[in-house]
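Enquirer: From just these sequences and the hints, can you work out the full model?
Heads up: the sequence lines are chains A and B, in that order. Going by the working numbering, the first sequence opens with residue 1, and the numbers climb by one from there. Going by the working numbering, the second sequence opens with residue 1001, and the numbers climb by one from there.
In case anyone wonders, no lab produced these hints; they're calculated from the structure. Any given hint might turn out to be false.
To be verified - Chain A residues, not near chain B, derived (Cβ > 10 Å throughout):
id, residue
1, Leu158
2, Ile161
3, Gly223
4, Tyr325
Stated by the list, open to error - Calculated pairs, DSS-like style, for lysine-lysine (alpha carbon to alpha carbon, straight line, at most 30 Å):
id, chain 1, residue 1, chain 2, residue 2
5, B, Lys1101, A, Lys344
6, A, Lys6, B, Lys1062
7, A, Lys319, B, Lys1062
8, B, Lys1081, A, Lys319
9, A, Lys214, B, Lys1101
10, B, Lys1101, A, Lys210
Think of the CB as a built atom: it goes at the ideal place given N, C-alpha and C, for glycine as much as any other residue.
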Amino acid sequence: MDNLLKTSLHQTHVDSNAKLVPFAGWEMPIQYSSILSECKAVRNQSGIFDVSHMGRFYISGNDASLGLDKILSVNPFMIEEGQGKYNVICNQNGGIIDDAIVYKINNKKFLLIPNASNADKIYEWVSGNTKNLDFNIDVVTNKTAMIALQGPASRAILNNIFPDLPKIRRFRFIETKYNDKNVTIARTGYTGENGFEIILDNDISQNFWKILVKNGATECGLGARDVLRLEAALALHGNEITEIINPFEAQLSRFVELDRENYMINNTLNNIKSQELSKKLIGFEIQGRNIARSHNIIKDNNNIIGEVTSGTYSPTLNKSIGLGYISNKSLDINSEITIEIRSKNIPAKITKIPFYKRSK
Amino acid sequence: MYPENLKYSEEHEWLLENNGVATIGITSFAVESLGDIVFIELPQVGAEITQFSTFGEVESVKAASEIYSPISGKIIEINEKLETEPELLNNSPFEDGWLIKVEIADESEFEKLMSAKEYESFVNAGS
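Expert: And the structure:
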């Protein structure tokens, strides 16, 4: 694991005896104590995740809005200052290169957060399509840390650290100070739970992490993060969304704002939208406790109709759940299907997603 | 670190012999690499199993893994508690997390198994 990148929190993970694994070129904690107990902590109290491996691109210039308008599935001119939006970045065919959150600081300054595994690709794509514009990309991934604080106790914990913190609505962010250093706090996350994602300088990240722990947050790894996002049916790039899946198939049409002159693939996506989809994303529940895994085959009465993209045991629901694509559009919620797991046909049922929704 | 009174296989199963009956389970090393175990599929009592062939499956949050029998024989008991408490495997792999009890067909098969010391070197060599 010599060539792997390390986040500024790496030593903290080592000190906490986390199990470290290679992930998207980084050495990251997959779990501390146990995936199940970490999931429970996030659903019942709070958990913290080192997500510093994700990309952080500050975009600035007179054409910052215009350049992003060409590339993002949402209209950057319509985002309010202090607001973030989930969006997808598609290739010329409408396939999803990555999903990202874009935060608007002002019309000339944005922060874009792509996935770790796609950050280089997105950098190439964004810079390649904004060449003649006044549009600069400042990559701060290696200079900053990003910590996700997730769970019902998240706000109370932040109040202890920032006594004067104003209310932050969902998908809004504020910029503040911690030990005289800049900190960005966004009310976003990837667990289906209330929570925040916090960006701060590398040199204060370990101290900040320890203060979160002292305030009751449980250290969590990427294993728990994957289970939690799947319970909330949030797409994972490489699984539910790829460069050969378009946002309509992935049930992400609500994040696609069309009829924009500058949007490079406006017509492509309008075309796709007007045609019947060849497949659709579904959620399913397995009867019994076998677990479906990515690429398991989905069948309807012995006919192959699709493939699993993600599956796990859900500790919150005590059920075996999964997501996948099927070609048969007549099947709907409660339809019975089978999943082929190690040559056996295991009965399952299509269920509505998200599997888990937090009570307000 | 591995109990001295058990015999071990390269597939990370353990066996405890007592009056011709073998209690079989998977080792703490196997359990730790699997992580949280959520489901164990075992055969019925009465089934015949063969040394080094698969007789069941363990699903953890992260991965699925087959279980291989360290010995041949007839299953006379399965650990039914595991159906509702699969976490017994994580918490107590060498005791409460045992999987099956087998009437040993041929004790000469023990020769193909490892002692605790040998298993420890085997595990250390592999990691």
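Enquirer: State for each hint whether it applies.
Expert: For each hint, the structure was consulted:
Annotated as non-interface, Leu158/A keeps its C-beta farther than 10 Å from every C-beta of chain B; the closest such distance is 29 Å. Annotated as non-interface, Ile161/A keeps its C-beta farther than 10 Å from every C-beta of chain B; the closest such distance is 31 Å. Taking the minimum C-beta to C-beta distance to chain B, about 6 Å, the non-interface status of Gly223/A is violated against the 10 Å cut. Residue-level check passed: Tyr325/A sits 22 Å from the nearest beta carbon of chain B, beyond 10 Å.
The hinted pair formed by Lys1101/B and Lys344/A meets the criterion: a straight-line CA distance of about 26 Å does not exceed 30 Å. Using a Cα cut-off of 30 Å, the hinted pair Lys6/A and Lys1062/B holds, with the two alpha carbons roughly 23 Å apart. Our distance criterion of 30 Å between C-alpha atoms is met by Lys319/A and Lys1062/B, whose separation comes to about 15 Å. For the proposed pair Lys1081/B and Lys319/A, the alpha carbon gap of about 18 Å is at most 30 Å, so the pair holds.
Simply put, Lys214/A and Lys1101/B have alpha-carbon atoms about 46 Å apart, too far for the 30 Å limit, and the pair is violated. Annotation: proposed proximity of Lys1101/B to Lys210/A is violated, straight-line Cα distance about 47 Å (limit 30 Å).
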